[in-house]
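Undergrad: These are the residues of each chain, in order.
Number of protein chains: 2
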Amino acid sequence: MAGMEALAQLAALLADRTRAAFCEALLDGRAWTATELAAHARVAPSTASEHLSRLVSGGLLVEHRQGRHRYVALAGPHVAELLEAMTAFAGPAPRPRTLRAASAARALARGRTCYDHLAGRLGITLKAGLLGLGVVTGELAVTEPGLSWLRELGFTPSRRQTGRACLDWTERVPHLAGAAGAHLCGVFLERGWIKRIGTTRAVVLTPAGERGWRELGLTRAAASG
Amino acid sequence: MAGMEALAQLAALLADRTRAAFCEALLDGRAWTATELAAHARVAPSTASEHLSRLVSGGLLVEHRQGRHRYVALAGPHVAELLEAMTAFAGPAPRPRTLRAASAARALARGRTCYDHLAGRLGITLKAGLLGLGVVTGELAVTEPGLSWLRELGFTPSRRQTGRACLDWTERVPHLAGAAGAHLCGVFLERGWIKRIGTTRAVVLTPAGERGWRELGLTRAAASG
DNA sequence: CCGTCGGTTCGGCGCGGACCGAAGCGTTCC
DNA sequence: GGAACGCTTCGGTCCGCGCCGAACCGACGG
Numbered sequence: 001m002a003g004m005e006a007l008a009q010l011a012a013l014l015a016d017r018t019r020a021a022f023c024e025a026l027l028d029g030r031a032w033t034a035t036e037l038a039a040h041a042r043v044a045p046s047t048a049s050e051h052l053s054r055l056v057s058g059g060l061l062v063e064h065r066q067g068r069h070r071y072v073a074l075a076g077p078h079v080a081e082l083l084e085a086m087t088a089f090a091g092p093a094p095r096p097r098t099l100r101a102a103s104a105a106r107a108l109a110r111g112r113t114c115y116d117h118l119a120g121r122l123g124i125t126l127k128a129g130l131l132g133l134g135v136v137t138g139e140l141a142v143t144e145p146g147l148s149w150l151r152e153l154g155f156t157p158s159r160r161q162t163g164r165a166c167l168d169w170t171e172r173v174p175h176l177a178g179a180a181g182a183h184l185c186g187v188f189l190e191r192g193w194i195k196r197i198g199t200t201r202a203v204v205l206t207p208a209g210e211r212g213w214r215e216l217g218l219t220r221a222a223a224s225g
Numbered sequence: 001m002a003g004m005e006a007l008a009q010l011a012a013l014l015a016d017r018t019r020a021a022f023c024e025a026l027l028d029g030r031a032w033t034a035t036e037l038a039a040h041a042r043v044a045p046s047t048a049s050e051h052l053s054r055l056v057s058g059g060l061l062v063e064h065r066q067g068r069h070r071y072v073a074l075a076g077p078h079v080a081e082l083l084e085a086m087t088a089f090a091g092p093a094p095r096p097r098t099l100r101a102a103s104a105a106r107a108l109a110r111g112r113t114c115y116d117h118l119a120g121r122l123g124i125t126l127k128a129g130l131l132g133l134g135v136v137t138g139e140l141a142v143t144e145p146g147l148s149w150l151r152e153l154g155f156t157p158s159r160r161q162t163g164r165a166c167l168d169w170t171e172r173v174p175h176l177a178g179a180a181g182a183h184l185c186g187v188f189l190e191r192g193w194i195k196r197i198g199t200t201r202a203v204v205l206t207p208a209g210e211r212g213w214r215e216l217g218l219t220r221a222a223a224s225g
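If you're matching them up, the sequences are chains S and R in order. Residue numbers for the first sequence follow the UniProt record's numbering, beginning at 1 and rising by one. Residue numbers for the second sequence follow the UniProt record's numbering, beginning at 1 and rising by one.
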């Protein structure tokens, strides 16, 4: 009974469309300023300020003051996983009403970042490739040889769980999260193998990325989609 | 952006302490009548009626009208898993303020049902036993020999995933859910190996259960708690 | 030093929703 | 048939909160 009080409070934090929009924006894993988020959600700066304070004190976001800026970011991968899990549960999004929204939805389904790792069809392609190489098991645990494979890409294990599953809300299938998923995503971004589309969470595999993935044995033909 | 609208709506369903209390009660996996839930949450029947309608139309609950009764239950295991995941996230419950609440919390931590399977220390003990027998892997997937072992206990595979992990909010470690977890819980209840405490979700291992678990090789000494 | 800018605080408005009691409806029991 | 029961619908009240604009504060820049 006491635990449900906490549940209601957590849910209340996400029960507002403006705060939910903030969280969705922050799912790109970067830190945003208060003003950016306000503009993104189309609310007054004062309104955004109050929402951010609630999200921070609720533990969903962390803030980082720097000069006259207030940067906020998701408090950690666990928040991203909760958000993806809830979005997956909330079910297939209603079909978009405008052409603009439809193309944005398609871009997100094709590939996106989920906080610090890859999601969407791109994430599933990556998972399939890693599975084929024996880097991860079907449950997305990293294997012994998989660890060596990752080390060659500059990965070093940390306290954080190496491989874990994160439910993909467009594909309805888990993709690779955890330290390994985050590292791979970082490497791909560094090498220019994937690139963000505009300022959104959506990403695409670049031509260099297609070559790179083929050479690593992650794909045979170019990923299409 | 459209997906977050759905998230906010889902969150709004759980953002009320009365509705959250309903869901918690229903986590025992049984169907409750509207009046029972109203009394449980200490609200007027009319209030409960409106809440239930919202939860049902939101897809969290299913209802089953029978005569003058309205039975409601969680819409499925996925709802239970969402609730447990969110409760786990919401963090350690604030320490209970009354002796009564403290003893209830202790009972829940010792053992409880999580919709249709076992949770709490009892659930973790079960998982450890199954792991020791090689019935499940560390990721809680059912092994080949494990399936035979389950069949001997009357289990037959279905469309539902056989073994899956469900995060335990008191133990902070996953326990066994899915068809296998549900079947085992059902068998234990049938055989009188576990017993509900009062009308709550809390369960205890009976003396017969301790013998049964030992004979199955799930435990060596009696489970204590 | 003053203007601009990012952010916060405060007062006030308006909506949504949580709650109850009363009344109504269909079912069940006597 | 009548009473009791389980539940729902409807008014009505009240509170929380999402929103804004205005005023304010501190940081930065010329």
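There may be inaccurate statements among the hints.
What the hints assert, rightly or not - Label pairs and their computed distance ranges (CB to CB):
#1 Glu152/S / Thr143/R: 39 to 45 angstroms
#2 Glu190/R / Arg100/S: 19 to 25 angstroms
#3 Lys195/R / Val173/S: 55 to 61 angstroms
#4 Gly186/S / Gly59/R: 35 to 41 angstroms
Claimed, not checked - Away from chain S, derived, C-beta distances all over 10 angstroms, residues of chain R:
#5 Thr137
#6 Glu139
#7 Thr143
Said to hold, decoys possible - Looking from chain S toward chain R, a few residues come up when the C-beta cut is under 10 angstroms (computed):
#8 Ala20
#9 Thr137
#10 Glu139
To be clear, the hints were calculated from the coordinates, so they are not data collected in a lab. Cβ coordinates follow ideal geometry from the N, Cα and C atoms, glycine included.
Undergrad: Each hint should be assessed against the structure and marked as holding or not.
TA: Going through the hints against the structure:
no., hint, verdict
1, Glu152/S / Thr143/R: 39 to 45 angstroms, "violated (31 angstroms)"
2, Glu190/R / Arg100/S: 19 to 25 angstroms, "violated (57 angstroms)"
3, Lys195/R / Val173/S: 55 to 61 angstroms, "violated (39 angstroms)"
4, Gly186/S / Gly59/R: 35 to 41 angstroms, "holds (37 angstroms)"
5, Thr137, "violated (8 angstroms)"
6, Glu139, "violated (4 angstroms)"
7, Thr143, "holds (12 angstroms)"
8, Ala20, "holds (4 angstroms)"
9, Thr137, "holds (8 angstroms)"
10, Glu139, "holds (4 angstroms)"
Going down the numbered hints, you'll see the structure goes against 1, 2, 3, 5 and 6, while the others check out.
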